[in-house]
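Trainee: Listed here are the chains, written in short residue letters.
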Amino acid sequence: AQRVTQPEKLLSVFKGAPVELKCNYSYSGSPELFWYVQYSRQRLQLLLRHISRESIKGFTADLNKGETSFHLKKPFAQEEDSAMYYCALGANTGNQFYFGTGTSLTVIP
Amino acid sequence: DVKVTQSSRYLVKRTGEKVFLECVQDMDHENMFWYRQDPGLGLRLIYFSYDVKMKEKGDIPEGYSVSREKKERFSLILESASTNQTSMYLCAGGWGGQETQYFGPGTRLLVL
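Protein sequences appear in the order of chains L and C. Taken in order, the first sequence gives residues 3 to 111; the numbers are from this note's numbering. Taken in order, the second sequence gives residues 462 to 573; the numbers are from this note's numbering.
The shape of chain L in the complex, shown without the other chains (with noise of 0.2 angstroms):
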């Protein structure tokens, strides 16, 4: 079953306006949410998490239990925005990780 769903896979916004990558998740448990994001030629790497409720280069997420929902938010995009951005949930149970299949951004200047 698929427990995290990125139904974008391709976004395109212009620099300075508003981008958001979605993310739905399944899971009974208590889940751990993150985004990671892949620049062009880089690894993979977290760029926010759930418990942290940080903000990273102007990027939020909110959990939304009712909705299932960890959408990613940003409220001016900037040209080095551009990358693939992954969802993830972290299993309170087993160890077990789940990513989305990832949402690629353009930001068109």
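Just so you know, these hints were derived from the structure itself, not from any lab. The beta-carbon is built from N, C-alpha and C at its ideal position, and this holds for glycine as well. It cannot be assumed that every hint is accurate.
What the hints assert, rightly or not - What follows is a set of in silico ranges between Cβ atoms, one per label pair, in the way DEER data are often shown:
no., chain 1, residue 1, chain 2, residue 2, range
1, L, Ser30, C, Lys518, 18 to 24 angstroms
2, L, Glu81, C, Ser526, 41 to 47 angstroms
3, L, Lys11, C, Ser526, 27 to 33 angstroms
4, C, Glu517, L, Asn66, 36 to 42 angstroms
5, L, Lys17, C, Asp489, 40 to 46 angstroms
6, C, Pro522, L, Ser28, 17 to 23 angstroms
7, L, Lys11, C, Lys464, 18 to 24 angstroms
Starting from the known structure of chain L, fit chain C onto it as the hints suggest.
Mentor: Structure of chain C alone, referenced to chain L:
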């Protein structure tokens, strides 16, 4: 600085060859993971290990095996490489199921 390293950035192998991909971490991670990354499919977990000599199957273990003889090293083995195993392979380390994972640079494997 966190370091997860992978033995090769690029590998070209022939069908039927036995292939070893090595991953080393220097952060004393309990858990280590092997994923393959394919366009449109995201990251799919092949195997993970939560302790030395311990391993668990992920979502796509068929055709792969792993070895963890030391805490810092986690090897992925393709017993008999096939063309459908052409992919980017990512290794990661972490301290627990709900903790951040730290990724290596990846190994791009081409099986001819």
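Trainee: Has the hinted range 18 to 24 angstroms been met by the Cβ atoms of L:Ser30 and C:Lys518?
Mentor: 21 angstroms Cβ-Cβ, so the 18 to 24 angstroms window holds.
Trainee: Just tell me: holds or violated, for the beta carbon distance of L:Lys11 and C:Ser526 against 27 to 33 angstroms?
Mentor: Given a distance of about 31 angstroms, which is inside 27 to 33 angstroms, the answer is holds.
Trainee: When you take the CB atoms of L:Glu81 and C:Ser526, is the distance between them in 41 to 47 angstroms?
Mentor: With Cβ atoms ~43 angstroms apart, the hint holds.
Trainee: For C:Pro522 and L:Ser28, compare the CB-CB distance with the range 17 to 23 angstroms and indicate the outcome.
Mentor: holds, 22 angstroms
Trainee: Does the Cβ pair C:Glu517, L:Asn66 satisfy 36 to 42 angstroms?
Mentor: For L:Asn66 against C:Glu517, whose Cβ atoms are near 30 angstroms apart, the range 36 to 42 angstroms is violated.
Trainee: CB of L:Lys17 to CB of C:Asp489, is that within 40 to 46 angstroms?
Mentor: Since L:Lys17 and C:Asp489 have Cβ atoms about 42 angstroms apart, the given range 40 to 46 angstroms holds.
Trainee: Taking 18 to 24 angstroms as the hint, is the beta-carbon distance of L:Lys11 and C:Lys464 inside that range?
Mentor: Between L:Lys11 and C:Lys464, where Cβ atoms are some 32 angstroms apart, the hint is violated.
The structure is inconsistent with the numbered hints 4 and 7, although it conforms to all the rest.
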